[in-house]
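Enquirer: Residue strings, one per chain:
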Amino acid sequence: MSVTTGFGTVGRHVRSLARAFTTPLLPDDVLGTLNPLWSRRAPRAKVVAVRRETADTTTLFLRPGAPYAAHLPGQYAGIGLQIDGIWHWRTYSLTSRPGDPVLQVTVTAVPGGEVSGRLAHHTPVGAVVGIAPAEGEFTSPGGKPLFVTAGSGITPVMGMLRSADPADLRHAVLVHVDRTPAEVVFGPELRELAARTGLRLIEHHTALHGRPTPELLDELVPDRPAREVLACGPAGLLDALTDAWPDVRVERFAPKRAAHMDGTGGTITLSASGVVAEAGPDVPVLVAAEAAGALMPSGCRMGICHTCVGKLTAGAVRDLQTGECHDAADQPGRPVRTCVSAPTGDVTLDL
Amino acid sequence: MSVTALERPSAAAHLTDEQVEALGAELDAIREEVVASRGERDARYIHAVIRAQRSLEFGGRGILLFAKFPPAWIAGTAALSVAKILENMELGHNILHGQWDWMRDPKIHSTTWDWDHADPAEFWKRSHNYEHHTFTNVRGKDRDLGYTVMRITPEQEWKPSDLIQPLTNVGLSLIFEYGIAMYDMETDKIRSGEKPWSEAKPEVMRTLKKIGKQAAKDYVLFPLLSGPNFVANLTANFTANIVRNVWSHAVIFCGHFPDGTETFEEERLDGETRGQWYIRQMLGSANLTGSKAMHLMTGNLSHQIEHHLFPDLPSNRYSEIAPKVRDICRRYGLPYNAGPLPKQYAKVWKKIIRLAFPGGHERYGSPTPVKKRVTKLGRRSAPARLAA
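These protein sequence lines are chains A and Y, in that order.
Mapping of the first sequence onto this note's numbering: position 199 corresponds to residue 199, and the numbering continues sequentially without gaps.
Mapping of the second sequence onto this note's numbering: position 44 corresponds to residue 395, and the numbering continues sequentially without gaps.
Bear in mind the hints are in silico, worked out from the structure with no lab data behind them.
There may be inaccurate statements among the hints.
[To be verified] 30 Å max Cα-Cα, derived DSSO-like pairs, lysine-lysine:
no., chain 1, residue 1, chain 2, residue 2
1, Y, K568, Y, K552
2, Y, K492, Y, K643
3, Y, K698, A, K311
4, A, K311, Y, K643
5, Y, K546, Y, K564
6, A, K46, Y, K675
7, Y, K510, Y, K492
8, A, K311, Y, K510
9, Y, K458, A, K311
10, Y, K510, Y, K698
11, Y, K560, Y, K458
12, Y, K643, Y, K552
13, Y, K643, Y, K675
14, Y, K492, Y, K694
15, Y, K568, Y, K492
Take the sequences, apply the hints, and build the full model.
Expert: Next up, the structure:
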């Protein structure tokens with residue numbers, strides 16, 4: 001037996017013994033009660049510094065309480081914030097380098113965005129936020145890259161540029177689109193990086209030159225077809241690029257959502273039991289699923305007892321009592337009461 | 352079997368259908384107001400209770416490492432008793448109702464929470480949240496009426512074995528958490544063969560496993576940790592469990608069984624409207640009066656009426672809406688059954704003792720008029736009216 005497995009076994013025994021002392025709680029629950037930062041099962045991070053990047057963009061420096069697995073440059077992390085008692089989770093690109101003890105996320109306040117506004121403008125040093133493991137497929141390129149970014153779309157690319165070997169940046173091109181030079185997030189740092197490494201930085205300011213087209217970009221970067229193109233920005237730009245260049249890799253901040261069409265209903269898929277059911281816009285998921293032969297947990301069937309709760313993994317449902325819409329895109333796995341929720345489009349539940 | 356009508360109208364018999372629905376709309380409005388205003392303050396409340404409960408529990412257990420020293424035994428047992436009561440009532444019962452699901456906190460959620468109780472949370476939610484709260488005080492549907500081991504309304508047919516029910520109740524009070532666990536496994540149906548062993552076995556095994564873990568913690572691990580204080584630590588933990596059992600039993604029995612709480616015929620459920628449902632909840636429940644501390648220690652089940660109207664609203668809001676509910680009862684001429692714990696508990700005891708013997712209709716009979724032939728009514732089939 002190797003030393004490591006020996007320690008692993010001892011660790012397991014210690015953990016299960018500790019668990020026997022705290023049952024039905026986990027030792028982690030007790031630690032998290034003493035200090036939220038000590039929890040590993042509900043990881044939290046402390047805001048240790050805040051840097052204002054532009055008028056509406058702020059970088060938060062986060063020290064995770066539990067060890068944080070190194071991310072890949074370009075990936076994003078879920079950041080959780082309790083607003084009016086309710087947990088909200090949003091994802092933001094990590095702009096720090098993998099393995100840095102202090103993580104950085106750069107948040108642009110979206111007009112009307114409750115969470116982004118709170119994070120960008122009203123999150124003081126010392127605040128504790130929830131943090132989820134890094135995810136995402138939009139990671140550093142293998143070949144000679146062309147980055148096309150617009151607005152806060154620079155953030156995942158900034159993570160890649162900061163992590164890259166400076167020698168490699170000599171072959172890279174970055175076209176960044178923003179309204180004016182002053183509004184460019186990381187503007188001074190990008191210009192300095194270009195001067196230092198030979199990164200070709202092309203700033204395109206829409207206040208002067210309008211929105212860029214794929215044709216214009218091809219003129220600016222003639223060897224574009226030989227490059228790996230990574231793009232991040234508003235939907236309009238990304239749609240134009242994917243139409244023109246099939247191989248472009250894109251990162252969208254606002255997911256392409258199925259429109260919430262009232263008066264349509266949709267197909268309900270129960271992933272655990274494999275049942276598929278059709279339901280109108282005012283038919284509760286529970287009723288439709290049962291009609292399709294599913295064995296559903298159910299109780300009062302009037303929204304009170306919470307026996308019928310299932311996790312919503314995709315799509316959106318409307319709460320028939322309040323008219324409120326619950327979207328899996330806002331909170332994957334969010335529990336919904338199937339007896340008072342109707343589908344608005346196609347939905348998937350873990351039931 | 353035909354039965355004669357009992358000429359005593361329900362306390363809500365004077366209300367017209369329109370009034371019943373108007374009352375329902377008023378209660379819906381109270382609910383909506385609370386739902387719309389849930390927020391930061393409520394979240395802070397539940398987090399504070401969780402912190403206080405865990406501090407008391409582990410503080411108490413820390414003190415009990417020196418349980419041989421009598422003041423430590425007393426202080427530690429008191430802290431642990433309070434902690435266990437809070438854990439079961441203000442936390443476990445209410446979180447398992449989904450009262451805090453709106454916070455979207457996976458650590459404080461009805462689907463993830465487990466409690467320091469012999470009964471696995473899943474079984475509790477089935478029997479309590481669904482059966483009891485949906486069919487409150489409907490004879491033959493709400494098994495909480497006497498918990499299948501006692502005759503709690505005179506309509507339940509008397510059997511000679513009911514003679515010992517005062518003793519049964521003392522026993523149940525002492526072992527309440529195990530009683531609830533047995534009840535939720537439906538041991539009565541297992542014995543009668545109504546529930547096949549193949550179906551019951553996994554539930555029984557899960558419950559036994561849970562009981563094993565709870566017992567190992569209180570009666571083996573913490574006593575061992577306290578070394579030479581083993582025996583004193585064990586008796587302290589045992590005492591705290593008994594205190595919790597006796598207290599929660601008293602509070603829960605005061606919720607539906609004092610005089611004046613009505614029980615209902617199964618037929619009432621046919622086409623029951625929202626307003627009628629509300630009225631059944633109000634007439635079937637009774638409140639306890641007392642201080643803030645008292646409400647906290649009952650898990651706000653002292654506001655049983657409000658809890659039964661709105662089982663999934665946060666418990667800290669019940670005391671705030673109680674005056675409005677009381678006012679509605681006054682305006683619609685409905686009783687609002689409330690009294691201090693000793694008084695209500697004494698009423699419950701008198702009833703249990705009286706109903707140990709046949710009859711009891713004159714004093715405790717349900718005021719619901721019985722018109723139809725009554726079919727099977729669960730444990731004790733028909734409401735044979737022996738005297739009226």
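Enquirer: Hints first: check each against the structure and report whether it holds.
Expert: These are the hints, each one checked on the structure:
1. Y:K568 with Y:K552: 24 Å, holds
2. Y:K492 with Y:K643: Violated, because 34 Å separates the two Cα atoms, which is more than 30 Å.
3. Y:K698 with A:K311: 45 Å, violated
4. A:K311 with Y:K643: 36 Å, violated
5. Y:K546 with Y:K564: Holds, at roughly 26 Å.
6. A:K46 with Y:K675: 43 Å, violated
7. Y:K510 with Y:K492: 20 Å, holds
8. A:K311 with Y:K510: 47 Å, violated
9. Y:K458 with A:K311: Between Y:K458 and A:K311 the Cα gap is close to 15 Å, so the pair holds against 30 Å.
10. Y:K510 with Y:K698: 22 Å, holds
11. Y:K560 with Y:K458: The hint holds at about 23 Å.
12. Y:K643 with Y:K552: 43 Å, violated
13. Y:K643 with Y:K675: Holds - the C-alpha atoms of Y:K675 and Y:K643 are around 18 Å apart, at most 30 Å.
14. Y:K492 with Y:K694: 28 Å, holds
15. Y:K568 with Y:K492: 36 Å, violated
In summary, the numbered hints that this structure violates are 2, 3, 4, 6, 8, 12 and 15.
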